[in-house]
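Asker: Below, each chain spelled out in residue letters.
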Amino acid sequence: GNSVTQMEGPVTLSEEAFLTINCTYTATGYPSLFWYVQYPGEGLQLLLKATKADDKGSNKGFEATYRKETTSFHLEKGSVQVSDSAVYFCALIPYGNNRLAFGKGNQVVVIP
Amino acid sequence: GAGVSQSPSNKVTEKGKDVELRCDPISGHTALYWYRQRLGQGLEFLIYFQGNSAPDKSGLPSDRFSAERTGESVSTLTIQRTQQEDSAVYLCASSYRVGQTNYGYTFGSGTRLTVV
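Sequence lines, in order, name chains R and D.
Offset between the first sequence (1-based) and our numbering: plus 1152.
Offset between the second sequence (1-based) and our numbering: plus 15.
Since the hints were made in silico from the structure, they are not lab data.
There could be a bad hint or two in this list.
Simulated crosslink set (SDA-like; lysine to any residue; CA at most 25 Å straight-line) [claimed, not checked]:
no., chain 1, residue 1, chain 2, residue 2
1, R, K1256, D, K30
2, D, K26, R, E1194
3, R, K1229, R, T1217
4, R, K1256, D, Q52
5, R, K1256, D, G57
6, D, K30, D, R79
7, R, K1229, D, Q56
8, R, K1256, D, Q99
9, D, K72, R, S1155
10, D, K72, R, F1254
11, R, K1256, D, S73
12, R, K1256, D, E100
13, D, K72, R, P1246
14, R, K1212, D, S73
15, R, K1212, D, G57
16, D, K72, R, K1220
17, R, K1220, D, Y111
18, R, K1204, D, Q65
19, R, K1256, D, S24
20, R, K1204, D, S77
Going by beta-carbon spacing under 7 Å, a handful of chain D positions derived as facing chain R [stated by the list, open to error]:
no., residue
21, G57
22, L58
23, G119
24, Y120
25, F122
26, S124
27, G125
Non-contacting residues of chain D with respect to chain R, defined by C-beta distances greater than 12 Å in every case (computed) [to be verified]:
no., residue
28, P23
29, G43
30, F80
31, S88
32, T93
33, E100
34, T121
35, V131
Just so you know, even glycine gets a beta-carbon here, dropped at the ideal spot from N, CA and C.
With these hints in hand, go ahead and build the complete structure from the sequences.
Answerer: Below you can see the structure in the form of structure tokens.
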């Protein structure tokens, strides 16, 4: 089946540190891949996406590259800010399908 | 409208009462999802509508839960005889696709349901 796996546990880091959140997936064919973000007290927002292999999605200083060889879509940001504190969800939609599959999410806490 | 609209934004109900949650998707979006998010947890899939096809109800937790959607318009999620464990934020999302590629879902702000 189609599934998304995110690294376990919350991520706590200092302002201006480098952030990586790992995401790997299992899917048939070529899924579309997404990162969603949920800021405290707010709804889910699409952060970035990539729809084919080797595509790089980017937004607000965040980047993720669609790696088919490693079935990964890791999220990175070079210098985080306190305002980046949120929960980040990796997700996929299989090719030819509308069924959205989410990872469990990672809480990111950025300390001043 | 410009986004996915959900109503009410907050609902407090007594245990045993029925509630109805509403979702207005983005115009032209053929697919619509309902998810549930309990406090501090991830998203739990409930039901999925795609155009006029039969909905995927495999995520509904019990027969107290049901949902309807007419064509590609408004959807309602109904919870009968609410229980305290139904307390959660109920999220609706809609999406579009071009050919076989889905360009991602837009989520509403959710309905926060509290059963007392």
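Asker: Checked against the structure, which of the hints given earlier come out wrong?
Answerer: 1, 14, 16, 20, 34
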